[in-house]
Amino acid sequence: GESVGLHLPTLSVQEGDNSIINCAYSNSASDYFIWYKQESGKGPQFIIDIRSNMDKRQGQRVTVLLNKTVKHLSLQIAATQPGDSAVYFCAENRGTSYGKLTFGQGTILTVHP
Amino acid sequence: NAGVTQTPKFRILKIGQSMTLQCAQDMNHNYMYWYRQDPGMGLKLIYYSVGAGITDKGEVPNGYNVSRSTTEDFPLRLELAAPSQTSVYFCASSYGDSNNEQFFGPGTRLTVL
Numbered sequence: 001g002e003s004v005g006l007h008l009p010t011l012s013v014q015e016g017d018n019s020i021i022n023c024a025y026s027n028s029a030s031d032y033f034i035w036y037k038q039e040s041g042k043g044p045q046f047i048i049d050i051r052s053n054m055d056k057r058q059g060q061r062v063t064v065l066l067n068k069t070v071k072h073l074s075l076q077i078a079a080t081q082p083g084d085s086a087v088y089f090c091a092e093n094r095g096t097s098y099g100k101l102t103f104g105q106g107t108i109l110t111v112h113p
Numbered sequence: 001n002a003g004v005t006q007t008p009k010f011r012i013l014k015i016g017q018s019m020t021l022q023c024a025q026d027m028n029h030n031y032m033y034w035y036r037q038d039p040g041m042g043l044k045l046i047y048y049s050v051g052a053g054i055t056d057k058g059e060v061p062n063g064y065n066v067s068r069s070t071t072e073d074f075p076l077r078l079e080l081a082a083p084s085q086t087s088v089y090f091c092a093s094s095y096g097d098s099n100n101e102q103f104f105g106p107g108t109r110l111t112v113l
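Residue numbers (my numbering), protein chains in the order written: chain A, 1 to 113; chain B, 1 to 113.
I should point out that these hints are in silico values taken from the structure, not numbers from a laboratory.
Among these hints, one or two may not hold up.
Straight line, CA to CA, 27 Å or less: simulated DSS-like cross-link-like pairs of lysine-lysine [claimed, not checked]: (1) B/44 - B/14; (2) A/42 - A/68; (3) A/68 - B/44; (4) A/42 - B/57; (5) A/37 - B/44; (6) B/9 - B/57; (7) B/57 - B/44; (8) A/37 - B/9; (9) B/14 - A/42.
So here's chain A without its partners, still in its complex pose (with noise of 0.2 Å):
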């Protein structure tokens, strides 16, 4: 279904700490999974992807974990810094042929130092 306004998620988090976060996804079809970064004023930027053939993959700071079973995503950021701040988007290929991606709503990440 459609979001209808909803104001975004927030998650605050201080320097340092390890921070999560969460996606739910409603089409068991979706083969491929990425998560952005979009920070203020700019286009969304690429983090890390995942296919469905993987339940894990790990980048430089970063781990994108897949559960097909509850149909979750989440991306994991060690040692959150500052310049973490940001809002996450995960979007999903829903099985079709044309890359193209659906996104979810986003989640706002707030890093204190």
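Mind docking chain B on chain A? Use the hints.
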């Protein structure tokens, strides 16, 4: 590489006016996309293209048109601007199916009064 570029950065239109939002990429990507992002919301796909001469509707195509005469350029046309089209517009591009990472431009902030 400049990546994905968009012009203009800001624009104010009166109701009923028309304009074209420009998008160009220099990464030789086949796929290009136009999204709109309303305040506090995720991105919604307007139109996309899988190659020169090929375009298709996304989730919210009404009130917009696109063309793809070259691989590099993917302009978005608003024929009769309406207040509901006030939004931030992002253009993106990607290689294609096997690598779906989308690279985003900086966005165009459009206000229709």
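Each hint, compared with the structure:
1. B/44 - B/14: With Cα atoms ~23 Å apart, residue 44 of chain B and residue 14 of chain B stay inside 27 Å; holds.
2. A/42 - A/68: Status violated; Cα separation ~31 Å.
3. A/68 - B/44: Holds, at roughly 24 Å.
4. A/42 - B/57: holds, 25 Å
5. A/37 - B/44: holds, 16 Å
6. B/9 - B/57: holds, 24 Å
7. B/57 - B/44: holds, 11 Å
8. A/37 - B/9: Status holds; Cα separation ~20 Å.
9. B/14 - A/42: OK: residue 14 of chain B and residue 42 of chain A at ~25 Å, within 27 Å.
The structure does not agree with numbered hint 2 stated previously, though it agrees with all others.
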